[in-house]
Amino acid sequence: MDDLFGPLLVGCAVALASAIGVVLARRPIYAAIFLLVHSLSLAALFGILSATMVAVGQVIIYSGAIVVLFLFVVTLLPSGGRELGPTGSRVAAGFIAGGGLVVALAAALAASSPPPTTSGDLGIAAVGRSLFSTVLVAFELTAPLLLVAIIGAVVIWRRHEPAPRTAPVQKVAEARRVVMHR
Amino acid sequence: MMGLLAWAWVFTLPGLVLTALGVPRDRRYAGYASLAGPVVLLVVAVVALLGGGSSSVAFENWLPFLPDGAYRALADELSALMLAILGFVAAVVYVYSLGYMADDPGKRRFFVYLDLFVASMALLVLAGNLAVLLIGWTGVGISSFLLISFWRDRPGTLSAGLQALAANAVGDGALLLAASIVPTGCGPLVTLSTQQCAAGPGGAELLALLLFIAAAAKSAQGPLYFWLPNAMAGPTPISALIHAATMVAAGVYVLVRTHALLELAPQVSLAIAIIGTATAIAASLASVFQANFKKGIAYSTIAQLGYMFAGVGVGAPFTGLFHLFTHASFKALLFLAAGIVIHGAGGRESLAELRGLGRFFAFSLWGFLIGSLALIGTPLVTAGSFSKDAIIDAALANQPVIGWILLLGVTMTGLYIGRLFGIVYLAPAADQHAVHHDPSAERPMNWSIVPLMLGSIVLGYLGNWLRTVLSGPLGPMEPLPPVPNLTGGLAFTLGALGFVVAVWYVRRPEYAAAPGETSYRADAWVRAIADAGYAASASLSRIQSGVLTRYVFGSVVAVAAILLIRVSLR
Amino acid sequence: MSSEGLVLATAVGLFAIGSVGALLHRHPVAMLMSIEVMLNAANLLIVLGARVRGLADAESAALIVLVLAAAEAVIGLGLALALFRRKLVPDIDEAAEVRG
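Residue numbers (the working numbering), protein chains in the order written: chain A, 96 to 277; chain B, 7 to 576; chain C, 15 to 114.
If you are wondering where the hints come from, they were derived from the structure by calculation, not from laboratory data. Possibly wrong hints are sitting among the right ones.
Among the chain A residues that face chain B by a calculated CB cut under 8 Å, a handful are [said to hold, decoys possible]:
#  : residue
1  : G180
2  : G183
3  : R185
4  : V186
5  : A188
6  : A192
7  : A199
8  : L200
9  : A206
10 : P209
Just a few of them, taken from the derived set where beta-carbon distance is under 10 Å, the chain A residues facing chain C [unchecked claim]:
#  : residue
11 : L111
12 : L137
13 : L140
14 : G152
15 : I156
16 : I161
17 : L164
18 : V169
19 : T182
20 : G193
21 : A201
22 : A220
23 : T237
24 : I251
C-beta atoms are modelled at their ideal positions from N, C-alpha and C, and glycine is treated no differently.
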């Protein structure tokens, strides 16, 4: 895989730079644009790593839908324009957390031995075959997952009215049923 | 017939679909389409039980991500017996509900939920391995919740349903854990005691412990008892079906089915016996102080289940099963008889309001009397004596201390049931106009409990026959004690003593029938312990500040810390 | 440094950058965007694993993670919008007492 080092380096650099841009942007709209660049750069990385299906998915699903959703929300928000800068305690927390995480992850990676490289077919046909055999249950379960997410979003947005006492409502239901019978 | 029985959980599904679709269009006949289900179940189960043999169904690779993910159903004499009990009580309860729920606008929904329950319970009984058992287990939990919180506009029913779900969740968790640690290739439930099954992590003890926790959650034993008295918020027919005869018996059934595993884990067996006995005594004591008619009977159920657990725990699973068999009949009888009075009094359940009203309902009075006599173990006349004596005998033989405690506990059994009978049926009547008789509703209610009355008298005599029939699934068993015998006579005397004392006590005019409140004020040190608990939880709850940034910080730092610890411990 | 090492380091770095962003930002939507960066870093790691081991199953797992990201974004943005409906919340920490 070392012949891909050059393209990988470029892709990783863009990904890291745009991620830093997301973090440091002062306006949420700039952060959204940086996120778009970030996700596209990741799509490029996936493509370089010859995982074509995920690369295309990243462009269509992630950049094309999720990040666009973020853009919509940011532009529709009443105070989506500006953001206050981080306080000192937040910056300190960020350094501690981020630094600690990097140290811990690096230590964990250094302590483990890399797995042997095997070549395999990562093409779209292979992904399709695996989606419908080995990973079938998880694949099918994403459908109810999305359904629940949609219902959840609607429920979160619904205004809560006080529920009327069920006794009078039942009477109304009875009357309606009689009418429908006729 | 066993082959047909292996699919018995399908029997109530046509009724479910028809009733849900509203097939008897006339609202007065809603639910009639479901009546066939439990009757078919009863008939098939009895024929299969008489025929004997066994039949199993297996679909391998049904859930490939579990170690043992096959669909296995096993129909043998034990399942046939349980399904016969289920069919019998369910058929009675269905007919009874036609009267009890006659005026209820949710009648159709009620019968749909009942069908769902019977199907789930049948699946639970027929389960051949832990995966299918879990599905039936969850199914009865859901139906129980739906039926407990059936009257949505009454306060407290939803909370009671959620409490039942909470206890059920504990049991579900234990069962899930058991299903995931059972090693691959272990196969059917009945082989859980074989070497390769017991060779999993924790061995036979852990598996037995998890099964015990699951059974205790379902049968309201030990600290998991809390949901059963509150489940009385549901309609009386389901208190009879689910929370007396069948669902709560599922715990006992699972322990009996896996009794070979319990033999490999003697400490867990002892724990089962101890907790069963402690629960029996504590629940009997609690029942004496209840101010609600149904809750008094509910605590009795918990106590009798404790007796069954004790029977299983001392190494005599057949006695526990036999008591389950007779208890289903007389406890359902007690509940349904109580329901007739409650229905006549307009839904009131407190003993203060029901005082003396039972005398206006003849069927109910006789039903409750027969049920009470069965409960205290009147020899020869009622069924309860055969099974309870068997448990006490087995306990005296294997764990004498437990045997004596159980024997003396029969006194309290007599006390609490005598109290309930005396207050509701024998006390001087308060006001004739407090009850209203509704002949069309009362006819199905009155006549449906007659089979239960007969059962409470007769079923005990089937003990020896059952012992022969079940020798296949349960292996060689101790012989049942001869009838009559000394321990049985002693138990009955104690129980009758308690009964008579209680009846005499509550018939006195100055007795207040609402002893729920006491004048106990906590000592200072008790209050100090409670305050310390409050203070500890208050300080801990400050972690839940709602400030998202702190949560993120905490999570990230925790992940980093765990990684570093893991790496340094390599 | 080998290519695998480079991509590994990038994934680790992206994850850490995302977590820092989640702590620095006060606007709810910006915080969500930083969390999305973290999720993408994890996905990058999965795809790298798929490439190194030659497994198509891991690639399908990465695809499913993408779907998960979509579901999570929907709910997160719904929550952020619901927060904004009650009152203007430029700072996520002010929403500590929100009920319902």
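Checking against the hints above, which ones are violated? 1, 2, 4 and 10
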